[in-house]
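Q: Protein chains in written order, with this note's numbering: chain G, 1 to 157; chain V, 1 to 491.
Treat the hints with care, as some may be off.
Restraint-style ranges between C-beta atoms, simulated for each label pair [what the hints assert, rightly or not]:
hint	chain 1	residue 1	chain 2	residue 2	range
1	G	49	V	375	28 to 36 Å
2	G	66	V	243	25 to 33 Å
3	V	213	G	19	38 to 46 Å
4	G	54	V	398	28 to 36 Å
5	G	42	V	329	54 to 62 Å
6	V	396	G	65	22 to 30 Å
7	G	116	V	43	28 to 36 Å
8	V	237	G	112	36 to 44 Å
From chain G, some residues computed to sit far from chain V (all C-beta separations above 10 Å) [what the hints assert, rightly or not]:
hint	residue
9	32
10	63
11	77
12	97
13	142
Just so you know, the hints here were simulated from the structure itself, not pulled from any lab data.
In this text, a Cβ means the ideal position worked out from N, Cα and C, and glycines have one as well.
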Amino acid sequence: MDCYLPGCPPHPDLVVDMFNVLASGDLPPKGSTLSPPIALCAYCERNTTKPEVLRIKTLKRIHEVGLDSGDCFLAQGIICSGPATRSGCGTPCMKVNVPCRGCMGPVGGVRDPGMRYISTIASLVDAGTDESMREVLNGMGDAAGYLYRFTVGSAIL
Amino acid sequence: MGERITINPVTRLEGHGKIEIFLDDNGQVQDAYFQVTELRGFERFCVGRPVEELPRIMPNICGVCPTPHNLASLKAIDMVYGVAPTETAKLIRKLQLLAAYVEDHFLHFFFLSSPDFIVGSEKSPAERNILGVIKEAGLEIGRKVIEVRKRTREIIRLIAGKPAHPEAGLPGGVSRGISEEERGFVEETAKISIDFARFALKLFKEKVLSNKSNMDLILSDAYRLETCYMGLVDDYLRQNYYEGNLRVIDPKGKEIAFFHPRNYGEFIGEWVEEWTYVRLTHLRKVGWNGLNEGEGTSLYRVGPLGRFNVCEGMATPLAQKEYECMVSVLGKPCHLTMAYHRARLLEALQAAEEIYVIAKDPLLTGKDIRNTNLRMIGKGVSCVEACRGVLIHDYETDNQGLATKINLIVATQHNAAPICLSVKKAAKEFIKDGKVLNKDGLLNMVEMAFRAYDPCLGCATHTIGWRDLLIINVRDKKGNLIETIDTRSFK
């Protein structure tokens, strides 16, 4: 394999970019992933609604929230894999008002995306004790399913 | 001595399959098996997942027919959460399904099946593909197919984020409404799609039906199979792809079952055979009695031919007219496997007409897109007609809404056993006395037998005229390799 084209499926714009790169002959280094390595949040339309200090008091499932407010999903307590997911997809899920589930794979330089992301979420939880932290995180319901939706094959756990 | 002929991989279908043909001691075809060689595991690894996530996970079963899975899943989670979608949400979901019908049926006809008829089944694989069709029928066809598919997939993208893996939908509704500007796009797309569907049917009559060698094939015994048929119908017994009751008719056309999909377990049995990963469905009340056709068979077919046979008409006027024409020529029930192709175009026309009706409905742009009055029931069974046939999703959950049990019955499961029989019958015509007649072109006849069903084996890949990796192993009755035919050596 020479390069990775991420996405499930890869966005047509990424496919077109790939052909343009191939046609130019200016190939990236072997093993490159052909999309920006930074988190999806950088491109998300809801990023501007993210508070400066994001604190999660409860975790909610997508159906437990009323009609969409247009705000950052994580700020509403809804699991969104945007912070742990590579960008370049064009944010199709946000455009239909559902959170990211990680189909573009991990951001660059992360070995185990699930483990990195659970520590990210834990750092955002507003809990004073281990017990209250555990109570909030239990609200996730299906940690493995959210954290490793597309990447369980590369988990080191 | 008995021989075994393998066709692997089969071409111009979705997914990975293998055909094994067994000859008897006299060199005649004894048995044929269409084997599915991949195991997906969705029913297992979705256990433990929050059930409201399943509409986003299930479409990953397939990149060609993901929309029916998304919608069947949404309908099932509506039941799990004891909620009915709003009227606007239901219209948007139906629109999504119908857009998928138009684009998928045209994909199959123009890219996968028409090359055999419009280019000719005796031509080489290098010509027998969409480019050959364009050469025969004109460049404009290529442009039109792409335009119609692009527009209908854009409709799906507007509703569900990604055409190839819909991401949207919630229990009780949808996650995004349709604007007035988008409604205009839908209406325009409907008009273009209706015109193109009518053109495709005209092309079918001109290029397929008027050709003698095509008709010899279509009417041959090799491509005739007497089975029962199953499909969704509305209250007037017309074709309905989104909801209704399931109707089953026997090979003579008599209704033998009519039930709500939630009761599927009483009527549909799943039989396990060791040579394939597909569980073979059959009519439970008849009882599994093997790969047999005719009176007393427990096998039934679904998909376009199934729907054509079980319905008493189409739900839209132009499609109804074409249906009446098809009935006057073929009669009912029609057991000709190649009739799947015409029935497919009939459905594309109904779907396009239904899209137009939805586009004109003022509720389509309504703001009430979600019913949030949820209550945990913990069980949901749903059914939609996927392009390939009846699709059932059956979920059970714990009181937190995490899935505890999942059963999926997909279209190609219903057709898997009939496909074996179709392959066997086609093989009998073209493999005789231990000899494969015209190895290249005529072996394609065996593939045509299954291709009519548009089987989807859970994978987005398919090959177009990809003959390079077709390797046929001829074996004796004990499985010893006698000869390997490597078609890469063919010119």
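Q: Measuring from beta carbon to beta carbon, are residue 237 (chain V) and residue 112 (chain G) in 36 to 44 Å?
A: About 55 Å separates the Cβ atoms of residue 237 (chain V) and residue 112 (chain G), which means 36 to 44 Å is violated.
Q: With 28 to 36 Å as the target window, see if residue 54 (chain G) and residue 398 (chain V) comply at their CB atoms.
A: Once the Cβ atoms are compared, 31 Å apart, the range 28 to 36 Å for residue 398 (chain V) and residue 54 (chain G) holds.
Q: Hey, is residue 77 (chain G) genuinely clear of chain V, shortest beta carbon separation above 10 Å?
A: For residue 77 (chain G), whose nearest Cβ neighbour in chain V is about 15 Å away, the distance exceeds 10 Å, so it holds.
Q: I want to verify a distance hint. Is the separation of the beta carbons of residue 42 (chain G) and residue 329 (chain V) within 54 to 62 Å?
A: holds, 60 Å
Q: Starting from the hint 25 to 33 Å, judge whether the C-beta atoms of residue 66 (chain G) and residue 243 (chain V) obey it.
A: holds, 27 Å
Q: Are all C-beta atoms of chain V more than 10 Å from that of residue 63 (chain G)?
A: Check fails; 5 Å does not lie beyond 10 Å.
Q: Is it correct that the beta-carbon of residue 142 (chain G) has no partner in chain V closer than or equal to 10 Å?
A: violated, 5 Å
Q: If we take the beta carbon of residue 32 (chain G), is the closest beta carbon in chain V still more than 10 Å away?
A: holds, 24 Å
Q: Could one say that the CB atoms of residue 116 (chain G) and residue 43 (chain V) fall in the range 28 to 36 Å?
A: holds, 30 Å
Q: Regarding the assertion that residue 97 (chain G) does not contact chain V, is the least Cβ-Cβ distance greater than 10 Å?
A: violated, 4 Å
Q: If I claimed the Cβ atoms of residue 49 (chain G) and residue 375 (chain V) lie 28 to 36 Å apart, would that claim hold in this structure?
A: holds, 31 Å
Q: 22 to 30 Å was suggested as the range; check whether the CB atoms of residue 396 (chain V) and residue 65 (chain G) agree with it.
A: Between residue 396 (chain V) and residue 65 (chain G), where Cβ atoms are some 24 Å apart, the hint holds.
Of the hints listed earlier, those the structure fails to meet are numbers 8, 10, 12, 13, in rising order.
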